[in-house]
Every structure is written in structure tokens, then in C-alpha cells.
Amino acid sequence: DSGVTQTPKHLITATGQRVTLRCSPRSGDLSVYWYQQSLDQGLQFLIQYYNGEERAKGNILERFSAQQFPDLHSELNLSSLELGDSALYFCASSVEGTSGYEQYFGPGTRLTVT
Amino acid sequence: EDKVVQSPLSLVVHEGDTVTLNCSYEVTNFRSLLWYKQEKKAPTFLFMLTSSGIEKKSGRLSSILDKKELFSILNITATQTGDSAIYLCAALIQGAQKLVFGQGTRLTINP
Chain E
1 DSGVTQTPKH LITATGQRVT LRCSPRSGDL SVYWYQQSLD QGLQFLIQYY
51 NGEERAKGNI LERFSAQQFP DLHSELNLSS LELGDSALYF CASSVEGTSG
101 YEQYFGPGTR LTVT
Chain Y
115 EDKVVQSPLS LVVHEGDTVT LNCSYEVTNF RSLLWYKQEK KAPTFLFMLT
165 SSGIEKKSGR LSSILDKKEL FSILNITATQ TGDSAIYLCA ALIQGAQKLV
215 FGQGTRLTIN P
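Chains as they are written, first to last, in the working numbering: chain E, 1 to 114; chain Y, 115 to 225.
Just to be clear, a hint being listed does not mean it is correct.
[Unchecked claim] Result set (EDC-like, lysine to aspartate or glutamate): computed pairs, CA atoms no more than 16 Å apart in a straight line:
id	chain 1	residue 1	chain 2	residue 2
1	Y	LYS151	E	GLU102
2	Y	LYS151	E	ASP1
3	E	LYS57	Y	ASP116
To be clear, the hints were calculated from the coordinates, so they are not data collected in a lab.
Using the sequences and the hints, build the whole thing.
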């Protein structure tokens, strides 16, 4: 158990809908990362937040957005869902201190778009 | 474009064998190389390598980084069925702090 929690574990929804995935980082970690894992693309970095501020963006679609709240939990919002958005979505956290760059992953949310 | 390539993509061995997994990278602003083990769901952290030539060990697993040749290897000795998993390597990009992952090596250990 990494200490990173994600909810829900599974989500099934229809095309065109909007969903919100939630992540709580490990205690003391200020940085949260979102990744998407699909069979054909592997693990892809989406976005990073550090202490409430967006720090880095990867291959995140415009239909997707995220935020990190004052209590450091983060939400990833996916809208106008398409079949191709079906994937495992992971959240990871890290301390981001001088020695704490390891990222620890949560259990993931499996999204199925039908 | 930042790229991480792992080989082999798949490996099947017998319990007790020693395996070597390879990871090469071509990224700008490289900071560190990380190895993860992914069984059913979440990748679990194994090693982070920042300096060249310094081996990191944890039980039967060890890893080393060569920053001149831009690769890393992960060794597993005396393999056990519980070592069966997908092993992912990832390059940590300085500044952006993002991880760029390889495709993974699917390791199967047969009894």
C-alpha cells in the first residue's frame, strides 16, 4: 500500500458524459501527478500539481482538466467522453524535496466508456 | 521527443534463473531513472538511480545506471514465481518533474 488513495476504483459511463476522478496523496506529499494507462499507449503523463499550482502538462486533452485543492487532494475531470478514453487513470504523489523525487502510485481508477 | 525503450518486451524463464531487463533513454533534461514493478494494478516503486555506476540493491534485485551510454539494467537473481509482473522503467525529467515511461517488460516466471 503506497499511501495514495484514489476513488472510485471502477467507473462505467456513456460517451458524451463527464466524470470526476479523485486522488489523495500520501501524507506530507505536496505534488500530485496524473497518468493514463491504455493498452496501446502505455503509461502517459497527463498533468502535475504542486501545492495547489499547476506545474507541468503532458499529453492531456483539452476535454480533460485537473485541480489540486488546499487540503492537497486532486481531482481529474474528464468531459465529452469518447470510447478511446477508456483506460486506467493513476494518480501519483511525491514529496518533491531534495531527496524525495520518487513518485508513489495509487491503485488507479478503471474508466470504461460505452 | 523524449523516449524510453525497454527490452525485451516479454521474457519467460524458469524459477531460479537470473534475468536482466534493459532500459535505454533519450530525453532532454534527464534527472533520474526509476524502476517500477506492476502486478495487478498500481506500479510499485523499486529503485531510483541518479548517479552513474552506483549499483542499488534490494534483496535479489539490483540496478545500475550508465549516463554516458544512456541505459539502465535491472537484474533479478534466483527468480521466484512472485517476481512475475510487468517491469517499467521511467526517466524523470528535471524541471517538469514528469516521468516518461517505457513500454514495460512482461516477465513470467514458471515453476
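key: List of violated hint numbers, smallest to largest   = The structure conflicts with no hint, since it agrees with every one listed earlier.
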